[in-house]
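Starting from the given sequences, assemble the full structure and let the hints guide the process.
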Amino acid sequence: MSSVRQVQVTFDCAEPERLARFWCEVLGYVVPPPPKGFATWDEFKSSRSPEDRDAWFACVDPENAGPRLYFQRVPEGRVVKNRVHLDVRVGTGLVGAERLAALEAECARLVALGAVHVRTLVADDENESCIPMQDIEGNEFCLD
1 MSSVRQVQVT
11 FDCAEPERLA
21 RFWCEVLGYV
31 VPPPPKGFAT
41 WDEFKSSRSP
51 EDRDAWFACV
61 DPENAGPRLY
71 FQRVPEGRVV
81 KNRVHLDVRV
91 GTGLVGAERL
101 AALEAECARL
111 VALGAVHVRT
121 LVADDENESC
131 IPMQDIEGNE
141 FCLD
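Residue numbers for the sequence shown follow my numbering, beginning at 1 and rising by one.
Be a bit skeptical, because a hint or two may be false.
Keeping only pairs whose Cα atoms sit at most 20 angstroms apart, straight-line, the calculated SDA-like set for lysine to any residue is [said to hold, decoys possible]: (1) 36 to 47; (2) 36 to 17; (3) 81 to 31; (4) 81 to 14; (5) 81 to 136; (6) 45 to 58; (7) 36 to 46; (8) 45 to 73; (9) 45 to 32; (10) 36 to 55; (11) 81 to 45; (12) 36 to 14; (13) 36 to 12; (14) 45 to 70; (15) 45 to 27; (16) 45 to 74.
Hints in this document: simulated from the structure, not taken from any laboratory.
Laid out in structure tokens, this is it:
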């Protein structure tokens, strides 16, 4: 039996390219080259039928350390809380006021990109601070 070597995270969404480009900014990811045989993404898109033109998009970690993110257009919107979410680990190794300051600075940067600050959970006796947020389509994620 072989083991899994790669993981891709897939988002159902309304606007795949817009959401992919948002996550590129959040994570420092990049848009991969267009599919084989196409010089640009615009060339690829123009080769597709109108209903398939913007059906999907992706972004990748330029260092190939993180998973590929794939965004696929679906007709329905999100109606309930995500069962899985991403934790964007900006406070790793930090504690107390230093951690909270790093989280708040990143929160401000992401709000400027269109994310929504849901609330700030301040450290207590059991947990360090974190900031639940929503991306530009309402998908939940946490600054951790």
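Note to self: Run the distance test for residue 45 versus residue 27: straight-line Cα separation, threshold 20 angstroms.
What the structure shows: Given pair residue 45, residue 27 is violated - Cα atoms ~25 angstroms apart, limit 20 angstroms.
Margin query: residue 36 and residue 17 were given as a pair; does the straight-line alpha-carbon distance stay at or below 20 angstroms?
Written below: holds (18 angstroms)
Check: Within 20 angstroms, alpha carbon to alpha carbon, are residue 45 and residue 70?
Finding: holds (16 angstroms)
Margin query: Hint check: residue 36 vs residue 47, CA-CA at most 20 angstroms. Holds or violated?
Written below: Status holds; Cα separation ~13 angstroms.
Next item on the list: Starting from residue 36, check that the Cα of residue 12 is at most 20 angstroms away, please.
Entry: violated (24 angstroms)
Item checked: Pair hint residue 36 and residue 55, alpha-carbon separation not exceeding 20 angstroms -> holds (18 angstroms)
Check: Has the given pair, residue 45 with residue 32, been kept, meaning a C-alpha gap of at most 20 angstroms?
Finding: Since the Cα atoms of residue 45 and residue 32 sit roughly 14 angstroms apart, the hinted pair holds (cutoff 20 angstroms).
Check: Does residue 73 lie within 20 angstroms of residue 45 when you go C-alpha to C-alpha?
Finding: holds (14 angstroms)
Note to self: Need the status of pair residue 81, residue 136: alpha-carbon distance at most 20 angstroms?
What the structure shows: holds (15 angstroms)
Notebook entry, point to check: Does residue 36 pair with residue 14 here, judged by a C-alpha cut-off of 20 angstroms?
Noted result: violated (25 angstroms)
Note to self: With the threshold set at 20 angstroms, check whether the alpha-carbon distance from residue 81 to residue 31 stays at or below it.
What the structure shows: violated (28 angstroms)
Check: Can the restraint linking residue 81 and residue 14 be considered satisfied, given a maximum Cα separation of 20 angstroms?
Finding: holds (17 angstroms)
Taken one by one, the earlier hints fail for this structure at numbers 3, 11, 12, 13, 15, listed in ascending order.
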